[in-house]
Structures are given as structure tokens and as C-alpha cells.
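Student: Here are the chains, one letter per residue:
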Amino acid sequence: QKEVEQDPGPLSVPEGAIVSLNCTYSNSAFQYFMWYRQYSRKGPELLMYTYSSGNKEDGRFTAQVDKSSKYISLFIRDSQPSDSATYLCAMSFSFGNEKLTFGTGTRLTIIP
Amino acid sequence: GAVVSQHPSWVICKSGTSVKIECRSLDFQATTMFWYRQFPKQSLMLMATSNEGSKATYEQGVEKDKFLINHASLTLSTLTVTSAHPEDSSFYICSATEAGYTFGSGTRLTVV
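Top line first, the protein sequences correspond to chains A and B.
Taking the working numbering, I'd label the letters of the first sequence as residues 1 to 112.
Taking the working numbering, I'd label the letters of the second sequence as residues 1 to 112.
Derived by calculation from the structure, the hints in this document are not laboratory data.
Computed from a prediction, not measured in an experiment: that's the story for all the values here.
Misleading hints may appear alongside valid ones.
DSSO-like cross-link-like pairs, simulated, lysine-lysine; straight-line CA separation at most 27 Å [claimed, not checked]:
hint: 1; chain 1: B; residue 1: K14; chain 2: B; residue 2: K41
hint: 2; chain 1: A; residue 1: K2; chain 2: A; residue 2: K67
hint: 3; chain 1: A; residue 1: K42; chain 2: A; residue 2: K99
hint: 4; chain 1: A; residue 1: K2; chain 2: B; residue 2: K14
hint: 5; chain 1: B; residue 1: K66; chain 2: A; residue 2: K99
hint: 6; chain 1: A; residue 1: K99; chain 2: B; residue 2: K41
hint: 7; chain 1: B; residue 1: K64; chain 2: B; residue 2: K14
hint: 8; chain 1: A; residue 1: K67; chain 2: A; residue 2: K99
hint: 9; chain 1: B; residue 1: K20; chain 2: A; residue 2: K2
hint: 10; chain 1: A; residue 1: K42; chain 2: B; residue 2: K64
hint: 11; chain 1: B; residue 1: K66; chain 2: A; residue 2: K42
hint: 12; chain 1: B; residue 1: K41; chain 2: A; residue 2: K2
hint: 13; chain 1: B; residue 1: K14; chain 2: A; residue 2: K42
hint: 14; chain 1: B; residue 1: K14; chain 2: A; residue 2: K99
hint: 15; chain 1: B; residue 1: K20; chain 2: A; residue 2: K99
hint: 16; chain 1: A; residue 1: K42; chain 2: A; residue 2: K56
hint: 17; chain 1: A; residue 1: K99; chain 2: B; residue 2: K64
hint: 18; chain 1: B; residue 1: K20; chain 2: B; residue 2: K55
hint: 19; chain 1: B; residue 1: K20; chain 2: A; residue 2: K70
hint: 20; chain 1: B; residue 1: K64; chain 2: B; residue 2: K20
hint: 21; chain 1: A; residue 1: K56; chain 2: A; residue 2: K2
hint: 22; chain 1: B; residue 1: K20; chain 2: A; residue 2: K42
hint: 23; chain 1: A; residue 1: K99; chain 2: A; residue 2: K2
hint: 24; chain 1: A; residue 1: K70; chain 2: A; residue 2: K2
hint: 25; chain 1: B; residue 1: K66; chain 2: B; residue 2: K55
Work the whole structure out from these sequences, hints included.
Tutor: Structure (C-alpha cells):
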């Protein structure tokens, strides 16, 4: 079993739809949870990070963490074609000089 | 925000030659940098953790004599792929930490 599981997709939705991306994990010691967006042939770009359980909102993006279920989500509201990318969840035991454990990434396409 | 510069962005080399990839933190000092490898449509796999002034820590299965990492200053880490072979062709990405994880734009290596 992988430490972090993420549906690879691909996922295609029409413009304006709400997108839900999810990851599950097995190690309850993870404390910091991140979502990255990666465009083709580019490095990942940090979208959001959260600590422990709870919700965090930033514009059209909302990150949720449910540590009791070992489940994290990223919601994208009013999706735009520019949101088309691969979305990677990542997590770590502490924040800073420690390696990240990534999910496999979900390829998302927003159809105009 | 924090910026990590990675060069070159794209390189082709002949089998048996060596290739050096540079990763620089432009506006912050990074005591720790991470090197990842990413195959097409797959997630990032951590290769090694680079610590300024000390030896890198390699992940299991990564050949340290083949992937030489040098972190000589707080703003520069290099990855040298020695005696490259076609199976080393991949997308290599570095990451540096300050108040979070910032990734470089990646280097696409093609060995012919």
C-alpha cells in the first residue's frame, strides 16, 4: 500500500463547475498537508497548505483535512480553463527542512 | 516570494557523458534542498536530500555514485548525472525550503 493514494484521473469537467480532488494516506503522523499545481513540463507550484485537521480557503480554492479519516480534499470553485493542470497532494511530518511525500497527481482538464 | 532557479531547463547529452544541473535559491538561504525525479504522468520521487556543507542523504535505491549532489553554499545545490544512459532520461526537479517548499522549474534530461 502506498503511503499516499490519489486518483490519477484524468478528470474532465466543464468550465464553471466545482472540482473535487482527494487524497488518502496511511500514516497518521503526517501533520502538514499541501496541494500543488503542476503545468506540463514545469515545476510544482504551491497552492495551499494546512496544518492538522480543518478547512482553509483562498479565493476559489478550499482545502480540507480530516485526520480522523486520513483524507484530504481540494475544492476548486468556478473552474477556469487555466486551472487545467496536474494537481498533486503532498504531506510531511513537520514543516520546513523535511521531505514531502507526494500523491501520484490528478490530471484535470477544464472544458471551455 | 521565495524563488528557486533551476538550470538548464532542457538538455540532451550522449550516452556515457555527464550532465550537471544547478539549483539556486535566489532570495533566501536554503540549508536544505531536495532533488526529485519525475517520469511522464507519474508523481515526484525523492532522490536525495541535500544539506549545505555535508553529504547528501540518498533515498533507497538511488545510486549515490551515479547521482552526485553538491551543496557547497546556502544558495546553490548541484546534481551531476554521471555516465548517463538512456534510462536516466527524465524530468529532474529541485526544491528548497525557507518558510515552505519552493520548487524549481525542472530540467528535462534526454540521453541519446
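Student: Give a verdict on every hint.
Tutor: Going down the list of hints, with the structure as the test:
Proximity of K14 (chain B) to K41 (chain B) is assessed by CA-CA distance (about 25 Å); at most 27 Å being required, the pair is judged to hold. For the proposed pair K2 (chain A) and K67 (chain A), the alpha carbon gap of about 17 Å is at most 27 Å, so the pair holds. Taking the CA atoms of K42 (chain A) and K99 (chain A), the gap is about 20 Å. The hint holds against a cut of 27 Å. Distance hint between K2 (chain A) and K14 (chain B) is unfulfilled; the C-alpha atoms sit about 35 Å from each other, more than 27 Å.
As the CA atoms of K66 (chain B) and K99 (chain A) are separated by approximately 21 Å, the hinted pair is consistent with the 27 Å bound. A threshold of 27 Å between alpha carbons decides the hint, and for K99 (chain A) with K41 (chain B) the separation of about 21 Å falls inside it, so the pair holds. Among the hinted pairs, K64 (chain B) with K14 (chain B) is consistent with the structure: their alpha-carbon atoms are about 21 Å apart, no more than 27 Å. The hinted pair formed by K67 (chain A) and K99 (chain A) meets the criterion: a straight-line CA distance of about 20 Å does not exceed 27 Å.
This hinted pair does not check out: K20 (chain B) and K2 (chain A) have alpha carbons roughly 31 Å apart, beyond 27 Å. With a C-alpha separation of about 25 Å, the suggested pairing of K42 (chain A) with K64 (chain B) holds against the 27 Å cut-off. Between the alpha carbons of K66 (chain B) and K42 (chain A) the distance comes to roughly 24 Å, so the proposed pair stays at or under 27 Å and holds. Among the hinted pairs, K41 (chain B) with K2 (chain A) is consistent with the structure: their alpha-carbon atoms are about 17 Å apart, no more than 27 Å.
For the given pair, K14 (chain B) sits about 24 Å from K42 (chain A) by alpha-carbon distance, which is consistent with the 27 Å threshold. With a C-alpha separation of about 32 Å, the suggested pair K14 (chain B) and K99 (chain A) falls outside the 27 Å cut-off, and the hint is violated. At most 27 Å may separate the alpha-carbon atoms for a hinted pair to count; K20 (chain B) and K99 (chain A) meet this at roughly 22 Å. Proposed proximity of K42 (chain A) and K56 (chain A) is supported: the alpha carbons are some 26 Å apart, at most 27 Å.
Of the pairs offered as hints, the one joining K99 (chain A) and K64 (chain B) holds, with about 18 Å between alpha carbons and a cut-off of 27 Å not exceeded. In summary, the hint linking K20 (chain B) to K55 (chain B) is supported, as the alpha carbons are separated by about 17 Å, within the 27 Å threshold. Between the alpha carbons of K20 (chain B) and K70 (chain A) the distance comes to roughly 39 Å, so the proposed pair goes past 27 Å and is violated. With a CA separation close to 14 Å, the supplied pair K64 (chain B) and K20 (chain B) stays within the 27 Å bound.
A threshold of 27 Å between alpha carbons decides the hint, and for K56 (chain A) with K2 (chain A) the separation of about 26 Å falls inside it, so the pair holds. Restraint check: the Cα-Cα separation between K20 (chain B) and K42 (chain A) comes to about 19 Å, which is no more than 27 Å; the hinted pair holds. At roughly 16 Å between alpha-carbon atoms, K99 (chain A) and K2 (chain A) fall within 27 Å of each other, so this suggested pair holds. For the hint linking K70 (chain A) to K2 (chain A), the alpha-carbon distance of about 13 Å falls within 27 Å, and the restraint holds.
In summary, the hint linking K66 (chain B) to K55 (chain B) is supported, as the alpha carbons are separated by about 14 Å, within the 27 Å threshold.
Hint compliance for this structure: hints 4, 9, 14 and 19 are not met, and every other hint is.
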